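Trainee: Using the hints provided, position chain B relative to the given structure of chain A.
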Amino acid sequence: MLNQIDLVIKKGKIVGLLGPNGSGKTTLIKLINGLLVPTSGEILIGGKKPGLDTKKIVSYLPERNSLYNWMKVKELVEFYKEFFEDFSEEKANSLLSMLNIDSNSRLKILSKGTKEKIQLILAMSRDADLYCLDEPIGGVDPAAREHIINTILNNYNRKGSILISTHMIADIEGILDEVILIKEGNILEHSTTSDIKKNSGLTVDEYFRRKYKC
Amino acid sequence: MLKKLIKYNIKSTSRYMNMIFLALLIATIFTKALLSLNIYKGALAFIPQVITLTYQIIVVIMIVTTYIIQAVQYYISMATDEAYMTFTLPVKVNNLIISKLLTAVMWNFFSILLAIICNGIVLYSKEKITAFIDWARNSNIYGMNLFIAVIILLGMIILALVMFNLFIFTAIGVGQAFAKNKLAGSFLAGIAMYVIMQFATMFTFIPAILMIDMQTEDNFYLGSIMFITVCAIYELLVSIILYLISNHVFSKKLNLE
Chain A
1 MLNQIDLVIK
11 KGKIVGLLGP
21 NGSGKTTLIK
31 LINGLLVPTS
41 GEILIGGKKP
51 GLDTKKIVSY
61 LPERNSLYNW
71 MKVKELVEFY
81 KEFFEDFSEE
91 KANSLLSMLN
101 IDSNSRLKIL
111 SKGTKEKIQL
121 ILAMSRDADL
131 YCLDEPIGGV
141 DPAAREHIIN
151 TILNNYNRKG
161 SILISTHMIA
171 DIEGILDEVI
181 LIKEGNILEH
191 STTSDIKKNS
201 GLTVDEYFRR
211 KYKC
Chain B
1 MLKKLIKYNI
11 KSTSRYMNMI
21 FLALLIATIF
31 TKALLSLNIY
41 KGALAFIPQV
51 ITLTYQIIVV
61 IMIVTTYIIQ
71 AVQYYISMAT
81 DEAYMTFTLP
91 VKVNNLIISK
101 LLTAVMWNFF
111 SILLAIICNG
121 IVLYSKEKIT
131 AFIDWARNSN
141 IYGMNLFIAV
151 IILLGMIILA
161 LVMFNLFIFT
171 AIGVGQAFAK
181 NKLAGSFLAG
191 IAMYVIMQFA
201 TMFTFIPAIL
211 MIDMQTEDNF
221 YLGSIMFITV
231 CAIYELLVSI
241 ILYLISNHVF
251 SKKLNLE
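Order-wise, the sequence lines are chains A and B. Residue 214 is where the first sequence ends in my numbering, and the numbering goes up by one at each step. Residue 257 is where the second sequence ends in my numbering, and the numbering goes up by one at each step.
Among these hints, one or two may not hold up.
With a cut-off of at most 30 Å between alpha-carbon atoms, the simulated DSSO-like pairs for lysine-lysine come out as follows [claimed, not checked]:
id	chain 1	residue 1	chain 2	residue 2
1	A	K72	A	K115
2	B	K92	A	K159
3	A	K56	B	K3
Keep in mind the hints are simulated off the structure, nothing from the lab. Please read all numbers here as calculations on a predicted model, not as lab measurements.
The following block holds chain A by itself, in its conformation from the complex (with noise of 0.2 Å):
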């Protein structure tokens, strides 16, 4: 449940949506994606509210496995080419091949974290206005998160936003510039990660842990 959240992601930066399990960061980003109806108030996108013309230029990382199961992954490339114009089919498999997904697999066959990345991978591959991504390391090993944050890094649409909902705040708090803590649906604080660190001289991840008492 969300109440009165009011706030703007300005063009080209990196946002981190943080709080605790619960606190509404998925409904937000669903009702962003138009997978739940607000009961009131107003989402904009690019001046328009969430529907065919949005979906065009959101790009979506759900927390769940959301691909085709019975589909092999060459099949969701061309998948996504077909339904998304943004979307870059030459970066799609030189990621996958950077990450070693055979092309040729079945969805079903793969494991759980495969799975993530290739879902990340689509996402990425679109040169979409906002990214949405939803837990985009959560299910990911500590030695590939890396690997996770640079392929956001080195793939997004520079004049585009990256939305991160997540908890693993150590592990993304670099590449963020600015910070909205959410909790029990209410916005606690929406600053830039400068300010944070200069006001209070603590990292992101410390300050969080303050201020939800971790």
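Mentor: Just chain B now, kept in the frame of chain A:
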């Protein structure tokens, strides 16, 4: 986009449907082979009836399974984790529903057609075929020749399939809007819709039947035409209402918790 959606819907369902159709063809060949054996005499004379009955049960199971597969596929892609992908595609909700409806109706129709063809193969004999052709040439069904009657029958089957699939789709759509127990919500919605439709059927058909006097042959023909027309209009109207409800819940009440 509709063409692309239909293409992928057919791909996702064809792996099951091809297996079912193949199984039916194998059952048909096997049944035909068993029936053509000339060994059912004396105490074994009842066996052809048992084989035919078993075969008919297999055919019915095949048709029912086709319906179940379409419903399950719709539920998976519109109300479970896969729905996250489905509803972030840059397509209109009505395109999603129409593409799935056309795919489901197509498979259902094929299953009926295949059942008829396979039955034809199993029951085939020169005498029966000759008798059927004679009957077809001379038939006069409610004053129509067989060709027109078959066209009307096919139209009615397609309309019924559209209504049936939209009924399932709408129940799933209403169920997904529930905060919890979405599957139970779909069943509840289905039961409620069924009751409402029973009342609608009663109020539509009882006056229609009472209005039609079928005592004379001329009236019987006219009455039959009127009855078929009322059926078609009823199925069309119900289908439109169900489609509008489906479109509304997935557009305005989507709840992928």
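Trainee: Taking the hints in turn, state whether each one holds.
Mentor: Tested hints:
no., hint, result
1, K72/A - K115/A, "holds, 11 Å"
2, K92/B - K159/A, "holds, 27 Å"
3, K56/A - K3/B, "holds, 18 Å"
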